[in-house]
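Those sequence lines, one after another, are chains X and H.
Going letter by letter, the first sequence gives residues 1 to 235 in this note's numbering.
Going letter by letter, the second sequence gives residues 1 to 287 in this note's numbering.
None of these hints come from the bench; they were simulated from the model.
All clues stand as given, with none of them false.
Restraint-style ranges between C-beta atoms, simulated for each label pair:
| no. | chain 1 | residue 1 | chain 2 | residue 2 | range |
| --- | --- | --- | --- | --- | --- |
| 1 | H | Ile77 | X | Gly165 | 43 to 49 Å |
| 2 | X | Gly233 | H | Ala152 | 55 to 61 Å |
| 3 | H | Ala152 | X | Gly15 | 41 to 47 Å |
| 4 | X | Gly216 | H | Ile77 | 54 to 60 Å |
| 5 | H | Pro118 | X | Gly79 | 55 to 61 Å |
| 6 | X | Gly134 | H | Ala271 | 27 to 33 Å |
| 7 | H | Val111 | X | Gly79 | 44 to 50 Å |
| 8 | X | Gly134 | H | Ile136 | 43 to 49 Å |
| 9 | H | Gly99 | X | Ser3 | 48 to 54 Å |
| 10 | X | Gly216 | H | His90 | 44 to 50 Å |
Covered stretches of chain H (in silico footprint by chain X; criterion: 3 or more residues with CB under 8 Å from a CB of chain X, positions within the stretch not fixed):
| no. | stretch |
| --- | --- |
| 11 | 157–166 |
| 12 | 172–180 |
Cut-off 20 Å, straight-line C-alpha distance, at most; resulting in silico cross-link-like pairs (DMTMM-like, lysine to aspartate or glutamate):
| no. | chain 1 | residue 1 | chain 2 | residue 2 |
| --- | --- | --- | --- | --- |
| 13 | X | Lys130 | X | Glu120 |
| 14 | H | Lys159 | X | Glu107 |
| 15 | H | Lys162 | X | Glu97 |
| 16 | X | Lys70 | H | Glu175 |
| 17 | X | Lys70 | X | Glu26 |
| 18 | X | Lys155 | X | Glu180 |
| 19 | H | Lys162 | X | Glu109 |
| 20 | H | Lys162 | X | Glu107 |
| 21 | H | Lys174 | X | Glu97 |
| 22 | H | Lys162 | X | Asp93 |
| 23 | H | Lys159 | X | Glu97 |
| 24 | H | Lys159 | X | Asp93 |
| 25 | H | Lys174 | X | Asp87 |
Note that the Cβ used here is the ideal one computed from N, Cα and C, for glycine as well.
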Amino acid sequence: MTSLLKLEQVETYIGQYHILQGISFEAIEGEVSVLLGRNGAGKTTTLKTIMGLTPASKGNITFLGKPIEKLAPYHIANGGIGYVPEDQGIFGDLTVEENMRVAMRKETEEAMRKQDYVLELFPDLKKFWKKHGGHLSGGQKQMLAMARAFVNDSKLLLIDEPSKGLAPIIIEKVMEAITEMKKHTSILLVEQNFMMASKIGDTFTLIDDGRTVQSGEMNALIEDEQLKRKYLGIG
Amino acid sequence: MDLLVSLTINGLATGMLIFLLAAGLTLIFGLMDVLNFAHGGLFVWGAYTGVFSYAWSGSFLVGIVVAIVTGLVLGFITEKIIITPVYGNHVQQILITLGFMLVLQEMIKVVFGPNGVPVSVPGYFAGSWEIGDVIIIKYRVFIIVIGFTLFAILQYILKRTKIGLIVRAGVMNKEMVQALGINIKRVFLLVFMVGAALASLGGMLMAPYSGVVYAEMGMEYAILGFIVVVIGGMGSFSGSLMAAILVGLAGSYMAYYVPFLSLAVNMILMAIVLIFRPQGLFSTVKG
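Work out the full structure: start from the sequences and follow the hints.
What follows is the structure in structure tokens.
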């Protein structure tokens, strides 16, 4: 079990608001780690803080043993962390092809092979290759966002609420894709849909009011009705 | 008919010169969200360094190259020293770039002298063609060709090249571009330098067209550049070209047919567009 990403007592402000007040957890190589918590608990800010988009004001973030909390977002991305934001961040006036081209750091043979693999994973993207990103459906946008993050050799993918606003059948497809991607990369997932999180997650970290409440194996959380009821409002 | 053709060519040439100024402005605003009032200073510095190099070397091409290099260097310095500290604050941007514009303008007087400098059209573009009753001035055609050629090149870069795609993506979502591993600050700097070089080139090309360069010309044309950016749509390249042609033609026709309105025509055009289409004729860098 190799630790890929480690957060220790991370704190983040957005403007005057103290959003993260002590987040600590580890993401393990080869696993899907899931961040869980109610709306406004600080899950999205945690991902943005890891990416350097809302920099941490205190605490340590290490990726592959190196500190990254002071690095610019593009350094963090080039260091091997891919990011799929909650709103997917699709460039609406660019085609699917152009979105992929912007994402692809080097247009090498290896990268093109990875792109072919991604297009097999998400055949819809191939079908709508010349379509503008803004004209895609919610599910297709999610697939494009994941494909963009995956096309480079990211060692860790941060995926923020991939099931949000999607129809159940599309959620199934997204889950299948994440399961497939897990064979090639580690994943840190933020997910409100506990059914989905519990099916694909290996470990969990519960966040409440900007603080880590508990981390552990997903199977342990599935059986812990009290914890689920208290922090997730289910069970 | 001959008069109408002459006025149209005159208007198109003026429009192209304004387009060179507005193209940089619209890109800088679209991508970087920066209101750069110093743009006119880059225009006038391009005009002066280009004209003096032209006079010294006897080659108009040398003048053009020097103007472009001046724009790139001044663009680099302006972005690094003036713009970087005020990203995200429009009020500070207006104040500091307006102040820097005045500094650039006064520096022209210190370095090149306070008086205007007469400029002649280079020999191979001097004179005119006569087609029937129509007289076509060669230099104006040259400006129109240069303007359309640069528009085509910039369109190609924006639509077909990787850096162009990154610029367009950056206009839409800077945060996401960074999260994909791209140093957006470096892209900002590049765009700013290219915008400054376009302004400087515009200044150099304007010099033989107007027959004289003077320190205050930067401010005068920068205002026209801003009007064009507002009419065309902030961040739209095609919009800037259309609006520049519109402003150039309107100025040319009005100066002849309704002279008392010629100074106001640009403001009237801008007011009409703002009333009926506040976002401008086009919007965002779609090409």
